[in-house]
Every structure is written in structure tokens, then in C-alpha cells.
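All chains should be modelled from the sequences, with the hints used to inform the complete structure.
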Amino acid sequence: IEEALAEIFLQPVLDPFRKLVNSDTLGALTEVVMPVAVEMAEVTVEEEDGDELAELDVEIVVEADLESPDVQVLLDDVQARYQTLLQAVADFAEGEGDVAALAAENRDGLETLLSLPDLAEQMPELEQVAASIAAQLGGGEMVWATALSWHFVHNLGAAVDTDEAAELSRSWLDEWLLGRLIGSVLRDMTATGGAADEAVAVVKLLTANGRWFDARTASQRTPLAVLSKLLRSREVQQFIRVNRYGGVLYFNKEAYEQLCAWLLLPAVVDSLANLPEEDAVEQIVERHAVLQKLLEASAESGYQVDKLLEGVR
Numbered sequence: 181i182e183e184a185l186a187e188i189f190l191q192p193v194l195d196p197f198r199k200l201v202n203s204d205t206l207g208a209l210t211e212v213v214m215p216v217a218v219e220m221a222e223v224t225v226e227e228e229d230g231d232e233l234a235e236l237d238v239e240i241v242v243e244a245d246l247e248s249p250d251v252q253v254l255l256d257d258v259q260a261r262y263q264t265l266l267q268a269v270a271d272f273a274e275g276e277g278d279v280a281a282l283a284a285e286n287r288d289g290l291e292t293l294l295s296l297p298d299l300a301e302q303m304p305e306l307e308q309v310a311a312s313i314a315a316q317l318g319g320g321e322m323v324w325a326t327a328l329s330w331h332f333v334h335n336l337g338a339a340v341d342t343d344e345a346a347e348l349s350r351s352w353l354d355e356w357l358l359g360r361l362i363g364s365v366l367r368d369m370t371a372t373g374g375a376a377d378e379a380v381a382v383v384k385l386l387t388a389n390g391r392w393f394d395a396r397t398a399s400q401r402t403p404l405a406v407l408s409k410l411l412r413s414r415e416v417q418q419f420i421r422v423n424r425y426g427g428v429l430y431f432n433k434e435a436y437e438q439l440c441a442w443l444l445l446p447a448v449v450d451s452l453a454n455l456p457e458e459d460a461v462e463q464i465v466e467r468h469a470v471l472q473k474l475l476e477a478s479a480e481s482g483y484q485v486d487k488l489l490e491g492v493r
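Going by our numbering, the letters in the sequence shown line up with residues 181 to 493, in that order.
Fair warning: there could be bad hints in the mix.
[To be verified] Here are the simulated DSS-like pairs of lysine-lysine, each with C-alpha atoms no more than 25 Å apart in a straight line:
no., residue 1, residue 2
1, Lys409, Lys433
2, Lys433, Lys473
3, Lys487, Lys433
4, Lys409, Lys487
[Stated by the list, open to error] Quick list of simulated restraints, FRET-style, between CB atoms:
no., residue 1, residue 2, range
5, Ser248, Asp394, 30 to 36 Å
6, Ser203, Asp245, 22 to 28 Å
7, Gly373, Met303, 35 to 41 Å
No wet-lab data here; the hints were simulated from the structure. Note that this is a predicted model, so its numbers are computed, not measured. Ideal placement from N, C-alpha and C gives every residue a C-beta, glycine not left out.
See the structure below:
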């Protein structure tokens, strides 16, 4: 009953949220970046005298084009829906953010996100980073739906307070039931209950910690400073399953590796969307190096949090 009443109260926000984050929209955007659409064609090879030599089944690879009119129409529609959602958030929470500017910024970030599969081709100097991203985003529709869900919720708070955008956005995933709605959408997209719950956990993790790279000084950007900050996050602790056994804090190796893989995504999107190419490359290389250091420390840690911290000193 309480949840039903909450939905009625939150309807001014939930309705435009559902119109943006749903299986149709996420599915359409995912189709833009899925590796290929394959068509089968039967080709008959003939000799010069006209005799039939062989019949071959040929795979014709059809790749999506972000600049195609159909994709641009889709992105225009998504931008309009996102702006409507931002306005609803601002009205509901009495915010005064520039929703048009925020929607345009989100559009830029979305196009950057969707272009990541071509990163190695566009910027050969980022080949190693591109390989890491490809390994993370190559998991199919559900991985992309998770990344897109994060993209649409992580900056909603800016409609009210740009300084507290991440904190507000993260709290609304629970308080406004946005996380539950995302989970429902992902289940509609054939995710199992467990997989959908894990995806929502990723969305919460990235919303709370997506700007892990923000720092005023160089000392705050060191691997030790970054890891120390991350480990203070409730979402990170839950995601990597920090637990105490025999007086020692342990973490889950596979979950920690996933954490580092996911954290690369917002770091790269932020740089590419906001900096000239040369500066973006330099910044991305620096951020990637920090995450690589965090991964290397894990290998020698024995899955102990204290040893993990020692490994990045």
C-alpha cells in the first residue's frame, strides 16, 4: 500500500521517466551499438565459360552509423524525452537548473557513449583503453542497457543543484523508486531477476562514484587517494562484497575487477565529451593508468582490503 501511494505521489516524475527509460528506447539505442547485423546472401561463382563453379554463403556485415538520419531522429527524440524528464524533476523538487542546457549536454554524452565501440579506430593512441572498454561493453544488450540507464539517471540532480547532482541522483534511485523501475525494464528485456538486480547495483554504483576522477590536486588523483575514497562508498563496499572474517576485511576478486572495468566508462565519456581530442587522450591515459594500478594491486592482495591499499601506495 505504501509503495502504491508513493507511486501516486511520484507520478509527475515517474511518468516521464518511464517514457524515457523503457525496453523500446533502450532496445533501439542498443541496436545502434551492437557489433553487427548480419544478412545472409547466396552467391554463385561462375567460370569464364559460364559454367557454375560453386555456391557460397556470404556474410554481409551491416554496421550502424551514428550520423544516419534514422539514428539522429532517434537521438532527437531521446533528447526531447530527457528534457521533459528534467523539467518534471525541476518542478517536483523546486529546482531551477537550465534543463535545455542539461539535455543538450546529455545528448553530447550519449553520442560519445554510443561511439565508444569505434574508439580504437578514431583514436589509435587509445588502443589499450579501447580494448578494455570493448571487453566490458561486449557483453551484449544487457550491458549496454545498464550503461544507458546510468547515463540517463546520473545527472538528474543537476536540475536542482549542480553541486550535489550525484548525491541527489543516487538518493532518487531509492526514494523515487527509479532503481526499481530500471530493474523492471531490464527484466522486460529478458534479464533474469538476479542479472537485473546486479545491473541496478551497477547503476547505483556509477551514479554515486562516476566522478571518482574529480580532484583539485594531483595528490588526490593518485591510485591510493582514489581507492581510499572509493572504499568509503557504501555502494562500492556492497558491490565488491566487503566482509569481515577472523578480524580481517576481505573483498570479492571478480566483483572488484568489474568495479574497475565499469569505472573506466564514465571517465572516458567525460573526457571525450568535454575536452579537445589531444587533451582528452592525455587525460584518458592518465585515468586508465590509475585503474590499471588498482587492478594490479588486487593480484597481490590475497583479497584483503588492507593489502589492497598497501599495493597502491
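Each hint, compared with the structure:
1. Lys409 - Lys433: 19 Å, holds
2. Lys433 - Lys473: It holds: about 15 Å lies between the C-alpha atoms, which stays within 25 Å.
3. Lys487 - Lys433: Satisfied, since the Cα-Cα distance of roughly 13 Å is no more than 25 Å.
4. Lys409 - Lys487: 16 Å, holds
5. Ser248 - Asp394: 30 to 36 Å: At 35 Å between Cβs, range holds.
6. Ser203 - Asp245: 22 to 28 Å: Roughly 23 Å apart at Cβ, these two residues keep to the hinted range, so it holds.
7. Gly373 - Met303: 35 to 41 Å: Cβ of Gly373 to Cβ of Met303: about 39 Å, so the range 35 to 41 Å holds.
Hint compliance for this structure: no hint is broken.
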